[in-house]
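**Student:** The listed protein sequences correspond, in order, to chains A and B.
Every letter in the first sequence is one number past the one before it in the working numbering, and letter 59, counting from 1, is 45.
The working numbering runs 71 ahead of the 1-based position in the second sequence.
Quick caveat, the hints were computed from the structure, so don't treat them as lab data.
Careful: at least some of the hints might be erroneous.
Only part of the chain A face toward chain B is listed, based on derived beta-carbon distances under 7 Å [claimed, not checked]:
(1) Leu0
(2) Val7
(3) Leu52
(4) Leu60
(5) Pro78
(6) Thr81
(7) Val120
(8) Leu130
Residues of chain B clear of chain A, computed beta-carbon distances all greater than 10 Å [claimed, not checked]:
(9) Asn119
(10) Lys184
(11) Thr212
(12) Gln232
(13) Gln243
(14) Gly255
(15) Ala304
Built from N, CA and C at the ideal position, the CB exists for glycine as well.
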Amino acid sequence: MRKPGSRRSRQRRLGDALAAVLALLASAAADAQCEELRPFKIVGDAIPAALTETAGDATRGRAIILDRRLGACLLCHTGPFPEEKFQGTLAPDLTGAGSRWSEGELRLRLVDPTRLNPQTTMPAYYRVEGLTRVAQAWRGKPVLTAEQIEDVVAFLSSLRD
Amino acid sequence: MNFLLRPLVALATTIALAAAPDERRSGYDIAGPEIRAMQDDDTANPGNLWVLQGETLWGKPTGAADRSCADCHGDAQMTMKGVAARYPAFDAVLARPLDLEQRINQCRTEHQKAEPLAWESEDLLAVTAFVARQSRGLPITVSASLELRPFLALGKQLFEQREGQLNLSCSQCHDDNWGKQLAGNLIPQGHPTGYPIYRLQWQSLGSLQRRLRNCMTGLRAEPFEYGAPQAIALEFYLMERARGMPMDAPAVRP
Chain A
-13 MRKPGSRRSR QRRLGDALAA VLALLASAAA DAQCEELRPF KIVGDAIPAA LTETAGDATR
47 GRAIILDRRL GACLLCHTGP FPEEKFQGTL APDLTGAGSR WSEGELRLRL VDPTRLNPQT
107 TMPAYYRVEG LTRVAQAWRG KPVLTAEQIE DVVAFLSSLR D
Chain B
72 MNFLLRPLVA LATTIALAAA PDERRSGYDI AGPEIRAMQD DDTANPGNLW VLQGETLWGK
132 PTGAADRSCA DCHGDAQMTM KGVAARYPAF DAVLARPLDL EQRINQCRTE HQKAEPLAWE
192 SEDLLAVTAF VARQSRGLPI TVSASLELRP FLALGKQLFE QREGQLNLSC SQCHDDNWGK
252 QLAGNLIPQG HPTGYPIYRL QWQSLGSLQR RLRNCMTGLR AEPFEYGAPQ AIALEFYLME
312 RARGMPMDAP AVRP
């Protein structure tokens, strides 16, 4: 049987527990290795210049939005996608996004929405820094490539009211 | 003084409760009628198969010590009542909390001199489900002792920390967006009242750790290893967050 702890041993146990927790916190520090992203410039609340030389393709963009392994946008959003029965209710409807936002504004909202709203639930689709515990398979990679971002921007811009 | 204060305190408590009604909802509370009916009826709840298997294992002598759980603990209906509702619990020798599965395995290695059961193995799920079943309807009451505070703080920190490629925290879904649809899935508040659960999507019983690993994988985060201190800290925080809610293991979830 264990003896009920004296004050001394209780303090030691508390000390041990604290040390253990501090070590765990240190090991959870942000991941280091990152891939080079194409440079981009934020002007106001937008990234006016495209990330690629070739223009995005709206048809591919639409498919990326629907694909659960790529954009997975409809986990959270609803939008004009009659073929998708299950759409999310965490985020604004994407219908008319191209009327509400310029191309550059849409680009920043995809690349890294935390630049506009640090508390947002919307993931940053073109960012690799400042993330924690990213799974091995995804480490150092953005969710979407520069080309895919441009495809999605092209499609969203075409969504007019 | 005391005589004057008491009614005031009572009044203040009533007001506080009236102003902040308990907003907590278990997975059962938000489930549809089919899932609830399945959970409530022992003959329809698939988790009950594991409970029955666990009952058999409870009475079966095992290991070099050739002792059964019952040899030490007797009638589980008496001795295991409320136990699952207060785990993870602090282990003074290891100076950290252990969850129910780890506690069961500690009994196996220390007292039965048997091999520990593998995480998510049928036998570990069965014994855990049988023990957890003895807490059905009882409120969650994890310990608030001083030694556990750092682990609670760690669990809370992990719950609120953004992680994975999708950079979301548990809290962003389970505190801020519960009740909304994540595509086809209704986001629950994430209370651990019913574990191990029978999940229709798994076609099997599964532990709370398995559930946490699922959410972490969904965020494209590296899940914690089974039994990792971080995973236990998260479990502990979830139990504290659900303090007072009734246990309903083995629950059924979509």
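**Student:** Looking at the structure, which of the earlier hints fail to hold?
**Tutor:** Numbers 3, 5, 6, 8, 12, 13, 14, 15, in rising order.
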